[in-house]
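*Asks:* Protein sequence lines correspond, in order, to chains A and B.
With the working numbering applied, the first sequence corresponds to residues 1 to 208, in that order.
With the working numbering applied, the second sequence corresponds to residues 1 to 278, in that order.
Treat the hints as calculated values from the structure; they're not laboratory data.
Mixed in with the good hints there might be a few duds.
To be verified - Where chain B lies over chain A, by a calculated footprint (3+ residues, C-beta under 8 Å):
id, segment
1, 7-19
2, 104-118
Said to hold, decoys possible - In silico contact screen, one side only, chain B against chain A (beta carbon under 8 Å); selected entries:
id, residue
3, Arg125
4, Glu217
5, Gly218
Stated by the list, open to error - Examples of chain B residues lying across from chain A (beta carbon under 7 Å, computed):
id, residue
6, Gly140
7, Ala144
8, Gly222
9, Thr241
10, Ser269
A quick note: this is a predicted structure, and the numbers were derived from the prediction, not measured.
Positions of the beta carbon are idealized from the N, C-alpha and C atoms, including for glycine.
In case you want the letters, here they are:
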Amino acid sequence: MRLLPCGDTAILVECADAAGRRALDARLRADPLPGMVEHVPAERTVLVRAGRPADLQPLADALRSLRLVPGPHPLPRGGEPEVVRIPVVYDGPDLDEVATELGIEVDEVIARHAGQVWTVEFCGFMPGFAYLCGDRGGLEVSRRATPRPSVPAGAVGLAGAYTGVYPATSPGGWQLIGHTDRMMWDDSADPPTLLGPGQTVRFVDARR
Amino acid sequence: MSVTVETVSGRLTVQGPGRIGFGALGVGRGGPADRRAAALANRLVGNAEAAPLFELTLGSMTLTTTTPAVVCVVGPTAGQWVGRAPVDAHRAQHLQPGERLHVAPASSAVRSWLAVRGGLVSTSRFSDPVIRAGDRVEVGNDTAGPVPAQDIAGAAGGEHHRRLAVIAGPRLDWFEDMAWATLLGTNWTVRPHSDRVGIRLDGPPLRRARREELRSEGLIRGSIQVPADGRPVICFADHPTTGGYPVVAVVADDEVDRLAQALPGSTVSFVARPQPWR
Numbered sequence: 001m002r003l004l005p006c007g008d009t010a011i012l013v014e015c016a017d018a019a020g021r022r023a024l025d026a027r028l029r030a031d032p033l034p035g036m037v038e039h040v041p042a043e044r045t046v047l048v049r050a051g052r053p054a055d056l057q058p059l060a061d062a063l064r065s066l067r068l069v070p071g072p073h074p075l076p077r078g079g080e081p082e083v084v085r086i087p088v089v090y091d092g093p094d095l096d097e098v099a100t101e102l103g104i105e106v107d108e109v110i111a112r113h114a115g116q117v118w119t120v121e122f123c124g125f126m127p128g129f130a131y132l133c134g135d136r137g138g139l140e141v142s143r144r145a146t147p148r149p150s151v152p153a154g155a156v157g158l159a160g161a162y163t164g165v166y167p168a169t170s171p172g173g174w175q176l177i178g179h180t181d182r183m184m185w186d187d188s189a190d191p192p193t194l195l196g197p198g199q200t201v202r203f204v205d206a207r208r
Numbered sequence: 001m002s003v004t005v006e007t008v009s010g011r012l013t014v015q016g017p018g019r020i021g022f023g024a025l026g027v028g029r030g031g032p033a034d035r036r037a038a039a040l041a042n043r044l045v046g047n048a049e050a051a052p053l054f055e056l057t058l059g060s061m062t063l064t065t066t067t068p069a070v071v072c073v074v075g076p077t078a079g080q081w082v083g084r085a086p087v088d089a090h091r092a093q094h095l096q097p098g099e100r101l102h103v104a105p106a107s108s109a110v111r112s113w114l115a116v117r118g119g120l121v122s123t124s125r126f127s128d129p130v131i132r133a134g135d136r137v138e139v140g141n142d143t144a145g146p147v148p149a150q151d152i153a154g155a156a157g158g159e160h161h162r163r164l165a166v167i168a169g170p171r172l173d174w175f176e177d178m179a180w181a182t183l184l185g186t187n188w189t190v191r192p193h194s195d196r197v198g199i200r201l202d203g204p205p206l207r208r209a210r211r212e213e214l215r216s217e218g219l220i221r222g223s224i225q226v227p228a229d230g231r232p233v234i235c236f237a238d239h240p241t242t243g244g245y246p247v248v249a250v251v252a253d254d255e256v257d258r259l260a261q262a263l264p265g266s267t268v269s270f271v272a273r274p275q276p277w278r
């Protein structure tokens, strides 16, 4: 774990791998350090934000003395306690392309997507957009060469090793394999998003 | 009570205290483009400093009320009038039912703020409502005390050149050795299409020493991202929570809001400030 400068109100912590980032994210979520206001996990890093510049030195010291335990990790506070089930109609416009890229049948793409437990690694891109990794893999695909100007809310996509559900209509470059009616984002709910970091998910084939 | 926006040109939004603690869900903090100016407007009508208020960008507006209201404009405007009488900015104004407050835009600046005593009631928790002509906006009771008798200091204005303190960024080592000297030694020009998401700069490209893709990582207001073309973009009030361009430096938190008034064509330079921790 490496501490990188990030202005006078934050420290960017770079972890050796995704497991390290997961452990640090879970630790800070379960038990925030004195002086920190929030943290933002990403692929290999956790951004730790302080209330004031004077909080940074004690925060840096506390981060350096953390002893992290590898998973399993507690779920986000207020998050759903168990695996969230998301029904998906697998009718996305890129299903055939995804199958071709992976060298498998469309049915096998669906079987792999609906046949593993996915975990939210981090959120980003837009409010409530969760990046999920599966425990079995087998669905690594490239992004579309040209992003779509408009992807509808509820679209289920693949990119790299991740799957994700668009919480609102937006431009997007992920390969779309289906859609869900389950709301990813609710302004009046607390937390407003269905999927926060650490949450586990199963996608269910809605037509079976 | 409520106030009604009768006319508006440019962009008018309601800006609240910002959303702290939702970064991990992909929700940025937002908040007024100049937090000090907004706090001043609120103080001048006796509001809590972070009470929701109007932020007016490159335009004018007219406001009316059906009940007596206390309002205050902060920012470098071209002027404001109650009815036909010019009134001071940075001073609380009492508005009687049916009276109109008109705010005209300054040609040398970008934004102004209009606080209403009690604070506005935002209709959305996670976005900043855009107000259009004819919209009625509810007023709350987010006061901190009486309307102060005296006005206080001024707010940052529309200077043509800004010198801002920067601290080395997390990915300074992704750039060529010359990049830091280039960053500090250049008068950068603010490009058009700068907005609340980012202030785009033009100048000599900051060249990268490392060519691989950076994995997306967290950003803060003031992070200076450098896309492939080498032209820096300063993350501003509505920046995304994460980004995949390396951050060469970060503008100090107490100076970054001065960019709220940076017109395209104005210039920015940077002066190094030491990292506040070891």
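*Asks:* Just pull the numbers of the violated hints for me, sorted ascending.
*Replies:* 2, 6, 7, 10
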